[in-house]
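> Those protein sequences? They're chains A and B, same order as listed. Under the numbering used here, the first residue of the first sequence carries the number 74, and numbering increases by one thereafter. Under the numbering used here, the first residue of the second sequence carries the number 74, and numbering increases by one thereafter.
To be clear, the hints were calculated from the coordinates, so they are not data collected in a lab. Errors might be hidden in some of the hints.
Note that identical chains are pooled: a pair holds if it fits in a single copy or bridges any two copies.
Here are the simulated BS3-like pairs of lysine-lysine, each with C-alpha atoms no more than 27 Å apart in a straight line [claimed, not checked]:
1) K664 to K677
2) K406 to K533
3) K446 to K527
4) K495 to K590
5) K664 to K378
6) K228 to K477
7) K446 to K538
2 protein chains.
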Amino acid sequence: MKRFLALSFLTLITTMTQTNVLPADEGLWLFNNPPKKHLKDKHGFEEPQTWYDHLQKSSVRFNSGGSGSFVSADGLVMTNHHVGLGALQKLSKKNKDYVKDGFYAKSLDEEFKAVDEELNVLMEIEDVTGKVKSAVTKEMKPEEAFEARRGAIAKIEADSLKTTGMRSDVVTLYQGGQYHLYRYKRYTDVRLVFAPEQQIAFYGGDPDNFAFPRYDLDVCFFRVYEDGKPAKVPHFLKWSKDGVKDGDLTFVSGHPGHTDRLNTVADLEYQRDVRYPFALQRLNRLEVMLSVYSGRSAENERKAKDLIFGVANSRKAYYYGLAGLQDAAVMTKKKKQEKALRDALTKSPDLKPLSSAWDTIAKIQTLRAQNAKRFNLLEGGQGFNSLLFGYARTVVRAAEELPKPNEKRLQEFGESGQASLKQKLYSKRPIYSDFEITKLADSLGWLTEQLGAKDPLVQKILAGKSAQVRAAEIIVGTKLADVKVREELYNGGAIAVNASKDPMILLAKLIDADARKVRKTLENGYGEPNEQAYDKVAQAKFAIEGTSTYPDATFTLRLSFGPVKGYVEDGKKIPFQTTYEGLYQRNTDEKNRFPYDLPENWLKRKDKLNLKTPFNFVCTADIIGGNSGSPVVNRAGEVVGLIFDGNIQSLVWDFVYTDEQARAVAVSSQAIPEALRAIYDASSLAEELISGSRK
Amino acid sequence: MKRFLALSFLTLITTMTQTNVLPADEGLWLFNNPPKKHLKDKHGFEEPQTWYDHLQKSSVRFNSGGSGSFVSADGLVMTNHHVGLGALQKLSKKNKDYVKDGFYAKSLDEEFKAVDEELNVLMEIEDVTGKVKSAVTKEMKPEEAFEARRGAIAKIEADSLKTTGMRSDVVTLYQGGQYHLYRYKRYTDVRLVFAPEQQIAFYGGDPDNFAFPRYDLDVCFFRVYEDGKPAKVPHFLKWSKDGVKDGDLTFVSGHPGHTDRLNTVADLEYQRDVRYPFALQRLNRLEVMLSVYSGRSAENERKAKDLIFGVANSRKAYYYGLAGLQDAAVMTKKKKQEKALRDALTKSPDLKPLSSAWDTIAKIQTLRAQNAKRFNLLEGGQGFNSLLFGYARTVVRAAEELPKPNEKRLQEFGESGQASLKQKLYSKRPIYSDFEITKLADSLGWLTEQLGAKDPLVQKILAGKSAQVRAAEIIVGTKLADVKVREELYNGGAIAVNASKDPMILLAKLIDADARKVRKTLENGYGEPNEQAYDKVAQAKFAIEGTSTYPDATFTLRLSFGPVKGYVEDGKKIPFQTTYEGLYQRNTDEKNRFPYDLPENWLKRKDKLNLKTPFNFVCTADIIGGNSGSPVVNRAGEVVGLIFDGNIQSLVWDFVYTDEQARAVAVSSQAIPEALRAIYDASSLAEELISGSRK
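Kindly produce the complete structure, drawing on both the sequences and the hints.
Set out below in structure tokens:
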């Protein structure tokens, strides 16, 4: 946009700030564009770029879906217990339940290699917007434009991988406004060092989830290894023994997964009317199904533990997210903002054409809604809820995709993602036949309900049998639980896959054409026009509101910040932090009843613990799902806490940031070494945190 | 139908028996038309009508939704714990949880009056088919026909009430093929005598619900009073000390609630594609919401206990019911039966016109589907899940309906139902403000999701606020928790209701026009043509298959029967009964873990119990929801058991009876006095059972 526009719209901008200014400390900022001016003006914070670079390179992404940070020079990684939960679950077996009992490696020898974990550290960011956008011309049809862009991205990623050897992902920002190339250092030898019992990590369980005051030791430590030895990492965060005081400015560095803040109103209405209700119905069903399975025996409970946690966690986020979307006040605010922006556009002949973008986005929601269910069920795999289906799908598609040139492949089969894809496919995680049958049968029922029993594909899938019988015959018949079989099929390519009579492979093949078809329909009819339209929306926003804004979350590294601050709820003052004393009070009030019971050692060793130690605190830093495990640092860049949740009021942050009551919730830095020493006899780990290296 | 038709179709009937004959002991039989020939031919059972009359008059209906029987001359009523659960819940208060701890009245003085309970005993049945049908002529439009029939029924009921003083209900059988007038003796002074702890009544909880082998003491005793004294009842069932042996013929007398066995295929497809999925989605949501509420504190858990049980119980029934409907084998069988019947019709010029009924039923499913959601949410009240909304609705509608002539009122406001309606409205059950807010807020969200945030009525209901805020202001603002306020409004009629500014009354008024409108649309466009069409289907069935068939369940008294019989599941033989020994084994295997833990007295007093005592057994008697609490009697009419469940395989009995694996599940008669003596120090109650009267 031309610069004079900013000037000619000066009056307008002044008017707009009243409704449209970013609230105080809002933002999921890019590390290559942090809001330095705001930080200086409002908080007197003026550290040089090296401060940001250090925090960036001390931050870690758990590819399984979370955040973390290096907290010692010897590759020690801190994250949440619930981020490590998947790894704990995969290590657990009958009569050895690390989720329930916790884990502590007293020496390096005892550090346990986690299955499937891949950690990424963001090393470089390169703006490739020009390269990506120039691949698409105005004359192209949506299909051509989509393919051209996909091809350009695949080439940029593959070239970068070849040149640097680093994992290279092109990230779409502002839903199509910008493209940045992110280069990561990958760690795949990730070992478990310490995890407390789930009962204290997730104290208060689902009822307290997204609540505050809170008493959770939601922490877990891993260590990355290179060449069989603890990795020496050049960047790690120092530990603060003093934690936070009320009002302290804090920073959070992590990987927020997904937000819809820049969405147009039509897009948000789609979320409210279609996406959220559908997701919530499915999550409710899954939660009930998993609870019933889990209730049947202690062993079932162990097998289903991480899934139940994940499902209930998402369900609660969707429940309150939908409640927020259904709140007329939220939508009215969004409408006002949108109207102001569009009105501003009409006043400039240069910007006016951009306004059509909103109409385009509104128009394509119909096609999106018509295809979403089928997409989720077939292409998203929700109709085939089994790990083994996932393996079958990968193998079947790899046989078709890998022979194609890199630029022509489905995105997930690109060169640059091969290493991660294989790591997942060859996972040694345990697979339980009875559990797979239960999940698959349930999802086949869900598929039938959603697509209709008369759908010809549904009828082919069920083959005249009940969902239960069909699921059982597929799971009992498939050999894909064996890693070797998966390897043979993957390496054997089309010949091996086509020769296979494995019932899960046959199922994946049976639905593949339909799944690809609905994906293509959405890519061309919704995805591509959507990306082009949001490019225009972004241009409009840059022009009217200035470029110092942040893109929606994309599970890439972002910086947030805000003061430590209590709030008022139902007329009651909620203090900014809790202590260990509060934990024991809660336990007594609830008579040690689940989910307010305590692990045995916490009851036995209460007197060894300094009960005045701060336990959890809240701040206004802007976070969202994916930020779990993010370090909270002070002005000096020292760890003062560990993000593990947001409160109920923060669940509208998906769409809109507010800081009246909404808060991020963190474990206090003081709580962690205190518990390690007093409860877990893990003084050497506590020492490593505080000194910054192994003794 | 003319009699010769039966003869001219002889060949056909013979052919049809191969696919269409009633399986061995299928049937929910009317007491005025029991299958005596079948019982004689197959089981050599030949008792006179007095045997049936005695069983009929010993049977009791719990108007809240269950069955029971008199088991002593002094008005002692046996039913299931889960039928008495509502009453137990309503008696419970903070620090006095009868659901959890059980209840035993050692003397008459201690017998506790149950809130809201109404018990009905069926005394007379009169066939009024002619009177009802003659009110409707062919020339009438659906609306006229509906009103004429409603008027005729209201008049028959009111006349009967006036003449006999007995509760008089006209029951629609064969979905419109016949109408019978049922006259009941009403008992409203119903007192609680004994209930065990829910943990043993519902041992194994939701995971074991609808499962077998089973170990549940699902029993509860009430006593009916008249004039402040235990009622002397002329008919009651004697107790069998010997219980059942494998293969014994048993009879079940109870009140099956609803079946869809005579439904046409189009109707079943509606159930499969619309009703069941919608119901299941709602139940899943309710279950999750209630679990979260319940988890938050022990007190919440107490408040929500009966609702959670009911919701989870229904959810499981719908889950497996839907799985059955989605099973192509089940639907194919139904299609074959329907085709055979319709083919038979085409061969007779007299019967051929009846065939249009199937087409009519298929056609009206569209209108039904279009209006079902709105009907359930507005008229069914699913969008306003609060006891207080129910009271408001009753008061608002009574003001409008009661001034009308009896025949013109909405059915539920007819003269004959007034006593029961007032009993419900003036209930003294406890109401918890926080719980009402939670339920109402959740259901307003569900309403918004289902009707859409753009629906003008939804917008009026929410009044620009979030569901949570709106629910809180209504519940905090309403005075309807006070019985006196409800009485004043009910007695004050239109003037009082119109003057009221109570927010719940205003809500009920706000939606009333829309609710009535969708009800009328369905009555005229679906209900009336449906009733007329099923009348034809019934005529066709009587003509082709003979009149010795039974109507679908209508929550009225029915007789079922079948032998005690184990079955084979996944290749494993499941014996016909369990014992107390098995209970303790299960408890040990599951390490006393919830829901397989035992109440304290059961652990302490194990050695006082004869562990060889039979505990639960299965038989093939045809039952369905509503049969809970039904007595199981032997050929001598003695109690050998107490129905409390069906197994998972029986959940398709909604649509189709099979007896390969499907079974009714009962508590053995021996288990009850044994537990009363050994665990509960309730020998005098055990004695009353065995001797048939109080000492």
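> Next, verify each hint and record whether it holds.
Each hint tested on the structure:
no. : hint         : result
1   : K664 to K677 : both (16 Å within a copy, 22 Å between copies)
2   : K406 to K533 : between (47 Å within a copy, 19 Å between copies)
3   : K446 to K527 : both (16 Å within a copy, 21 Å between copies)
4   : K495 to K590 : within (25 Å within a copy, 59 Å between copies)
5   : K664 to K378 : both (24 Å within a copy, 19 Å between copies)
6   : K228 to K477 : within (13 Å within a copy, 79 Å between copies)
7   : K446 to K538 : within (23 Å within a copy, 30 Å between copies)
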